[in-house]
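J.: These protein sequence lines map, in sequence, to chains A and B. When you line the first sequence up against the numbering used here, it's residues 1 to 152, in that order. When you line the second sequence up against the numbering used here, it's residues 1 to 152, in that order.
Check the hints yourself; a few may be wrong.
Identical copies go unnamed one by one, so any copy, or any two together, can satisfy a pair.
[As the list claims (entries may be wrong)] When the alpha-carbon atoms are kept at most 20 Å apart in a straight line, the in silico DMTMM-like pairs for lysine to aspartate or glutamate are as follows:
1) Lys14 - Asp111
2) Lys50 - Asp22
3) Lys50 - Glu81
4) Lys50 - Asp138
5) Lys14 - Glu74
6) Lys50 - Asp132
7) Lys3 - Asp80
8) Lys14 - Glu62
9) Lys50 - Asp121
10) Lys14 - Glu124
11) Lys3 - Glu23
12) Lys50 - Glu10
13) Lys50 - Glu74
14) Lys3 - Asp121
Simulated from the structure, these hints should not be mistaken for lab results.
These are the residues of each chain, in order.
There are 2 protein chains.
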Amino acid sequence: MPKIDLGAIEPVNKTGYPPPFDEPVAGRWQRRLGAINGMTHLGANHVTLKPGAWSSQRHWHEGEDEFLVMLSGEAVLIEDEGETVLHPGDCVAWPAGVRNGHHLVNRSTVDCAFICFSAGDRQEGGAYSDIDMVFTRDGYFHRDGTPYPIRK
Amino acid sequence: MPKIDLGAIEPVNKTGYPPPFDEPVAGRWQRRLGAINGMTHLGANHVTLKPGAWSSQRHWHEGEDEFLVMLSGEAVLIEDEGETVLHPGDCVAWPAGVRNGHHLVNRSTVDCAFICFSAGDRQEGGAYSDIDMVFTRDGYFHRDGTPYPIRK
Numbered sequence: 001m002p003k004i005d006l007g008a009i010e011p012v013n014k015t016g017y018p019p020p021f022d023e024p025v026a027g028r029w030q031r032r033l034g035a036i037n038g039m040t041h042l043g044a045n046h047v048t049l050k051p052g053a054w055s056s057q058r059h060w061h062e063g064e065d066e067f068l069v070m071l072s073g074e075a076v077l078i079e080d081e082g083e084t085v086l087h088p089g090d091c092v093a094w095p096a097g098v099r100n101g102h103h104l105v106n107r108s109t110v111d112c113a114f115i116c117f118s119a120g121d122r123q124e125g126g127a128y129s130d131i132d133m134v135f136t137r138d139g140y141f142h143r144d145g146t147p148y149p150i151r152k
Numbered sequence: 001m002p003k004i005d006l007g008a009i010e011p012v013n014k015t016g017y018p019p020p021f022d023e024p025v026a027g028r029w030q031r032r033l034g035a036i037n038g039m040t041h042l043g044a045n046h047v048t049l050k051p052g053a054w055s056s057q058r059h060w061h062e063g064e065d066e067f068l069v070m071l072s073g074e075a076v077l078i079e080d081e082g083e084t085v086l087h088p089g090d091c092v093a094w095p096a097g098v099r100n101g102h103h104l105v106n107r108s109t110v111d112c113a114f115i116c117f118s119a120g121d122r123q124e125g126g127a128y129s130d131i132d133m134v135f136t137r138d139g140y141f142h143r144d145g146t147p148y149p150i151r152k
């Protein structure tokens, strides 16, 4: 197993978010590094954010740990406590079940890149801090339980 | 949860390896970033290798995925197929159950650093490729099942 050739993996910018929540992540280009390399327990996702793009809607996971390593460029981490600028080499940990929504926003004029790792039970779902949306194993819902339309 | 302050975490160079297998890792200084930040599913270990130090004995895990991100300096990755030099930003994935032993050796004259992530079942154990040693949930053993002395 040699080192991973990132350039050989086609990045994709798809999302399951219903409109209009999909718009801020249109400039998020992801390379899934875990499953493609045979990993079954550990998620690893290389992400490039174009200027203006968000990593996700601000969210937290009930059953999944997440850990981010900043690789290049600069991004603003937004959490309940406020904002933190991240530079290459910076690390952030988000333990499962901590209901402190987080996301990164690229407010710079050039691309930034990071890798986000995850492990645990994604099926337990979670929620979005700033919008009327939660996620479960069955998809995206309003807080009152009404489902959002499923994205084709 | 702000970004992790690596400088506030004391690095340790301890190992459970029985002599003489502990000698090559004496210059391996680790900062455990997972549990200290409340993570219960995802292991994250920041490692600095002094010149000459090894990351571990060359090994593989039966039930645990591992993923490495090189942060600074240069190290030589050694696997069954041979050697690969790793530089900052390089990534390597080792899926659970793939019996291709791997480790990093710092053959340069300056420190190098990386983060290694893990997830899965560490209790399933694994083995070392170049020495008469395996590991289980109960410790280190010769291939014939004879236990190594437990390190105090």
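J.: For each hint, tell me whether it holds in the structure or not.
T.: For each hint, the structure was consulted:
1. Lys14 - Asp111: within (18 Å within a copy, 40 Å between copies)
2. Lys50 - Asp22: Answer is within; shortest intra-copy Cα gap is 15 Å, inter-copy 46 Å.
3. Lys50 - Glu81: Classified as neither: same-chain Cα gap 25 Å, cross-chain 37 Å, threshold 20 Å.
4. Lys50 - Asp138: neither (30 Å within a copy, 48 Å between copies)
5. Lys14 - Glu74: neither (23 Å within a copy, 35 Å between copies)
6. Lys50 - Asp132: neither (26 Å within a copy, 50 Å between copies)
7. Lys3 - Asp80: Classified as between; 13 Å across copies, 37 Å inside a copy.
8. Lys14 - Glu62: Neither. Shortest intra-copy (23 Å) and inter-copy (33 Å) distances fail the 20 Å Cα cut-off.
9. Lys50 - Asp121: Classified as neither: same-chain Cα gap 29 Å, cross-chain 37 Å, threshold 20 Å.
10. Lys14 - Glu124: So Lys14 and Glu124 fail the 20 Å test inside a copy (22 Å) and across (36 Å) alike.
11. Lys3 - Glu23: For Lys3 and Glu23, the Cα distance exceeds 20 Å both inside one copy (34 Å) and across copies (27 Å).
12. Lys50 - Glu10: Intra 16 Å, inter 36 Å, cutoff 20 Å: intra-copy only.
13. Lys50 - Glu74: within (11 Å within a copy, 29 Å between copies)
14. Lys3 - Asp121: neither (27 Å within a copy, 24 Å between copies)
Hint violations for this structure: numbers 3, 4, 5, 6, 8, 9, 10, 11, 14, all remaining hints satisfied.
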